[in-house]
Every structure is written in C-alpha cells, then in structure tokens.
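Asker: Heads up: the sequence lines are chains D and W, in that order.
Residue numbering for the first sequence follows the working numbering, starting at 58 and increasing by one per position.
Residue numbering for the second sequence follows the working numbering, starting at 109 and increasing by one per position.
Since the hints were derived computationally from the structure, they do not count as laboratory data.
Hints may contain errors.
[Stated by the list, open to error] Which chain D residues stay away from chain W? Per the calculated CB distances, all over 12 Å, these:
| hint | residue |
| --- | --- |
| 1 | 140 |
| 2 | 149 |
| 3 | 154 |
[What the hints assert, rightly or not] Within a straight-line C-alpha distance of at most 16 Å, the following computed EDC-like cross-link-like pairs (lysine to aspartate or glutamate) qualify:
| hint | chain 1 | residue 1 | chain 2 | residue 2 |
| --- | --- | --- | --- | --- |
| 4 | D | 87 | W | 228 |
| 5 | D | 59 | D | 92 |
| 6 | D | 88 | W | 228 |
| 7 | W | 163 | W | 177 |
| 8 | W | 163 | W | 176 |
| 9 | W | 163 | W | 178 |
[Said to hold, decoys possible] Which bits of chain D does chain W cover? Going by a derived footprint, with three or more residues having C-beta under 8 Å, they are:
| hint | stretch |
| --- | --- |
| 10 | 59–71 |
| 11 | 74–88 |
| 12 | 170–182 |
Remember, predicted model here, so these are calculated numbers, not experimental data.
Ideal placement from N, C-alpha and C gives every residue a C-beta, glycine not left out.
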Amino acid sequence: MKVLNIVSAGYRATLEEQDDTVIWLTHVLKKAGAEIDVLLRGSASNYVIEGQAVTPLTVGERVQLHGPDVHGQTRGLAEEGVKIYVLEADLKSRGAYNSPRLQQAQLLSSDELPGLLSQYDQVWHW
Amino acid sequence: MTNQKTLTFVLMDAPFESSRTATAMRLVDIALGRGLNVNVFAYEGAVFLPFAPQKAHPNAVHGRDAEEEDHPLPREWVASLISKAARMGVAFDWVNCGLCVDERGAGEAIEGVRRGSPADLWAMASSSHNTLVIPTD
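Between the sequences and the hints, there should be enough to build the whole structure, so can you do that?
Answerer: Put into structure tokens, the structure is as follows:
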C-alpha cells in the first residue's frame, strides 16, 4: 500500500512536541517499512526552506532545550527515501520561492496535483 | 482483506474543543450502522476522547442540574459505538497512541479501548478500504 501524507498545518505544536507530529509519524512508519511520501502545502511548505533555527524555549525558569528542527526532520525523510513534494504556488505566495531549499524537494504545480494523488492507494490529509 | 468493508478513521482533536469531534463520531456511527468494520486511531489530544474520568456537570445558566442537563461526554459516545458495533456484529477497534497518552497523562481509558503505536495505524490502514484523517488545526 502506498500512502501520501499531506501536511498543511505547518509548525502546529512544534514547540511543545519538539517535532511536527505528522512528519514524526511519517518517520516512524517509514522505518517500519511503509511506502509513504509527503506533500507539503500551506504553511508547511516552508519546511523545505533552509536556514531555520529555533532558540531554546524559556518559560519562567524552565529552559526547554532541543527545539524543533522541522527542516532537518524533512531532510531526514528525504534521505530515507521518502519523496517530498511541495506546491509551487504556496512557496510563491509566501515569498519563499527563491529561498535556498531542500535539494530533494520536488516542486509541483496545482495542475499536476491530481496526477500525483492518483499514484497513491490512500491519501491522508492532515 | 475480506469482502466486508473496513474503514479507518484518524482523530486528533481533544474533546470539547471542536465540532469535528461530533462529526467524527457521527461518521463512525453511520459506518457501523451500515455494517462496516471500523478502526479508530486516536492521535494527540484525541486520546482524551475515551478518558474514563470525564464527568457531566450541572449548568446554572440553563437552570438545570447535572441529570437534567444531560451533558454529552465523548467517553459515552465511544462506549456507545463499542456496544453498537457488538450489536451489529461488526468489528470496532479503538487504539489510543501510547506516547500521546503518556505525555498527557491520559491513561485511564474506558473498557474496550486499547493502547497502541503508529504500527497499529499502518496495520489498520493496510487492512482498510480507505482511511479518513480528521486533523486538528
């Protein structure tokens, strides 16, 4: 079974979870042998942009180390063989189209989207 | 995969915070009513849906005590779906993501709910005709 995970709610709870939880889930499933790819859209399209960093979160005297590294997580997926697709229009609308980005990320026009979806047995839209 | 259809639902919202919860419960209810097997994988805040200590409260604004108010409790919806599946003779499997349970302290689930992992989600989805993720914002 081939699954396409579509992530659109970027940076949701990443400070609390130290991860994007859907990207994390994709890592776990891939390591377990799942055939799974990712399409980033909306605010999550920014995950492919390089140069992101999160300083430690401090609340009162509690300093939270190991902030989320969503770009690193996404790069890790690509290195494990997960295809990373990004909607070109979403990058353009956020002014990120010309920013340095993950080399393995495959840009997709809206017209190409139906063709991509048809390649998968199930599409999970998070 | 057997001839009998199976659907998997992935839920993410915590109870009492989104209309998506009621919608999800209604969809599951309809699926069971049509004789489909149903799997539910509760991820993140949704692990609190079958949380056993949920308690109904009175509502002074409505002028009703707890019994009259009959406040809906998601744990009762889940329990009712479990019994409906048994009555319909179809399979119903509710799995709470274990790590999500641990970080939230949501371990006290009602009877019939089991603890699992992403491997359960993959197994559920692989044996289903389709999977519907109902994500949170």
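Asker: Which earlier hints turn out false for this structure, listed by number in ascending order?
Answerer: none
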